[in-house]
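Please work from the sequences and hints to get the whole structure.
Sequences listed follow chains Z and S, in order.
Yeah, the first sequence ends on 355 if you go by numbering that gives the first Met the number 0, and it's all consecutive.
Yeah, the second sequence ends on 319 if you go by numbering that gives the first Met the number 0, and it's all consecutive.
It should be emphasised that the hints constitute simulated quantities derived from the structure, not laboratory data.
Please note that the accuracy of each hint is not assured.
[Claimed, not checked] Just so you have them, the derived chain S footprint on chain Z, three or more residues with Cβ under 8 Å:
{"no.": "1", "segment": "17-23"}
{"no.": "2", "segment": "96-103"}
{"no.": "3", "segment": "142-155"}
{"no.": "4", "segment": "162-175"}
{"no.": "5", "segment": "296-306"}
{"no.": "6", "segment": "329-341"}
Note that the Cβ used here is the ideal one computed from N, Cα and C, for glycine as well.
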Amino acid sequence: MPPLLKFLIHRLLFAAVSLILITFVLYAGSNIMPPEARAALYMSNSKRELTEEQRQRLIDVIIQSHRLEDPLVVQYVSWLGTLTSGSWGYSPVLHENVLPSLLRRTPVTLELALYSLLLMVPLGFSSGLIAGWWPHRTFDKFFRSLAYVATSTPPFILSIIMLSVFYVSLGWFLPGRLDTLTSIEVSRDPFVQYTGMLTVDSLLNGRPDIFLTYLRHLTMPIFTLSLFHWATLGRVTRVTVMAEKSKAYLMAARARGVSSRKLLWHHAARAILAPSLTTIGLAAANIVTGIFVVEIIFDLNGVSEVIVLAMRDIPDAAATMGFAVYSVVMVLGLMVGIDLLQAFLDPRVREEVMRA
Amino acid sequence: MRQYLRRFYARRANVYGLILVLGFILVAVAAPVLSPLDEKDPGPYKQIGRFTDMEPHPPSRKSPLGTLPGQLDIYHSIVWGTHNAIQFGLLVTLTAFLFGVVYGAFSGYLGGAANNFLIRLADVFLVIPVIVATVMIRQLIGYVINLAGGVYYFDMQLRQMVADFTNVPSSYVVLLTRIDPLLISLVLLTWMPYARVTNTLVVTLRQSEFIQASRALGGGSFWVVFRHLIPNCISPTLVLAARDVGSAVIMQATFTFIGLAGNSPWGALLSFGRDWIIAPGGNILKYWWLFLPPTIVVILFGVAWNMLGDGINDLLDPRI
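Pasting the structure below:
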């Protein structure tokens, strides 16, 4: 078996075991209540006005048909079965099934995460490289103080500042996903939603005006999301470059008369890229798990909207559970992807993992 | 000891961090003196004018940092917010710290396959997003309160979790309503680094001679772990702990601001004044006192504990 495939199987197995463990804990947590109380959650609101006797009979029927009195493990396995078959339960708050409502909101979240990464990785990497290659110069000092400010400003405070400056005062960027008129236009006929990601769709439909409008809505959240991780990645890269600078192969190249600039971009950068993937992977996982703050403050109807709605009135078990499973799957998938990319680029990592 | 302290004092930021942290603790302890509670309605928010007056007033002699819409004193909330932040941060961090260190030490002491399994189990927690854990915990508490005949929800006006009962609940249930769901979820999601760091150290230490000697003299596993192993590996985790205090409080303020859980008065201040700052027609320069005091305090709190963490690192790390 090729080592990369073996590595992939190894990572997937670990992810699957983690997934089962987490979902079991979550499921057990939401199943602490006695069966009668849980059966009551299956009843719609209109049926709550029954007489006590009818209600009792109905609860018995629900307990029978949903097998709520089985041992926890049996219930869990059958729940996993329904989960993999795609029925994630009906959410009374969202008035629809949980899985489609999560999937419908995914493109926005995906766009946010993707563009933040695309902004943060090249900028963070290159500014860290420059700062570390010529330390204590003007750029390095500038970078370090900016990074310090960036890492010590909590995202929600950054969002307030951005909203007050760029939305209220200057009016350049807007919160929310789209204004009403454009969102109607987007949902109507001549506009085809190929991917659900409006940045892509608007260009495919030949509507650069919608693309630009949408960009005005996306700029602030993306900036907020990427700033912190830009600083972290830059700092780590800076330290790595400073350590790498004194390595023998760079000195040899320097002795051969390679210019300092070429040395940095052609030799050092390549050697550092693979190890900094760990930091990038961590940043990606942090962006995905922390995206809810930005989605809620900037009023973007991404995946987190499900949990916000589910928490607003009566607790909605199906939506909460669905959201939990969905986000855990997303994070696990992301981690496997990053690990795989890293193993693909860096054979040292592959061997290390195989030995462990 | 003196040379350790010299390393600490060598960097100015460490000293600033220490002073700031001590200052925050002082304010937290002295809160009843700095801003006495309202006797009729004790809590982090104090009414100092007519509550129908929805226009926020700038700082005056009566309210040193101005008032919120509805005439709530900002100074009072900042002071009692510090009280809450220190309490919350230390509680979360200490619990996570104790659990993590003991977990990591015992798992390392067991060694072999058991250790491997326990550390993998800790890794699993890294995958759970904080919002998922918080919401699940909130729902669990909600179920229990439902069973006791109450309703549990996040009050958007008060900016905190509230439980309403139709009957008089038992004291256990009342205790449960006092616990911030975020506190539990943050403890659940921050103990792993302590366990990992302690574990690595314990695994290297446990074959060393003084451990073997202690065991040969008849020391049981509890004795060996608590008397010898943990004291010898605790110092690196202190750096983590100092930083965690700051980030726990920032997380609490974030959750309060977006209105999901968390009882942070600092976050609540920002969300009360929100419409005067960032809604259409708002003005951050005109109503600066709604924004600046809580922002400065939240950022300073995070920075202070981070600096202290760096300082402890300098203190303990012999390589510098």
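Status of each hint after checking the structure:
Residues of the segment 17-23 of chain Z lying with their CB closer than 8 Å to a CB of chain S number 3, which satisfies the three-residue condition for coverage. A stretch counts as covered by a chain when three or more of its residues have a beta carbon under 8 Å from one of that chain; for the segment 96-103 of chain Z and chain S the count is 0, and the coverage is violated. Under a criterion of three residues with beta carbons nearer than 8 Å to beta carbons of chain S, the stated coverage of the segment 142-155 of chain Z is upheld, 5 such residues being counted. Evaluation of the coverage hint for the segment 162-175 of chain Z: fulfilled, as 6 residues show C-beta separations to chain S shorter than 8 Å, against a requirement of three.
Counting residues of the segment 296-306 of chain Z whose beta-carbon sits less than 8 Å from any beta-carbon of chain S gives 3, enough to reach three: the coverage restraint holds. Counting residues of the segment 329-341 of chain Z whose C-beta lies closer than 8 Å to any C-beta of chain S gives 3; at least three are required, and the coverage claim holds.
When each numbered hint is compared with the structure, a violation occurs for hint 2 only.
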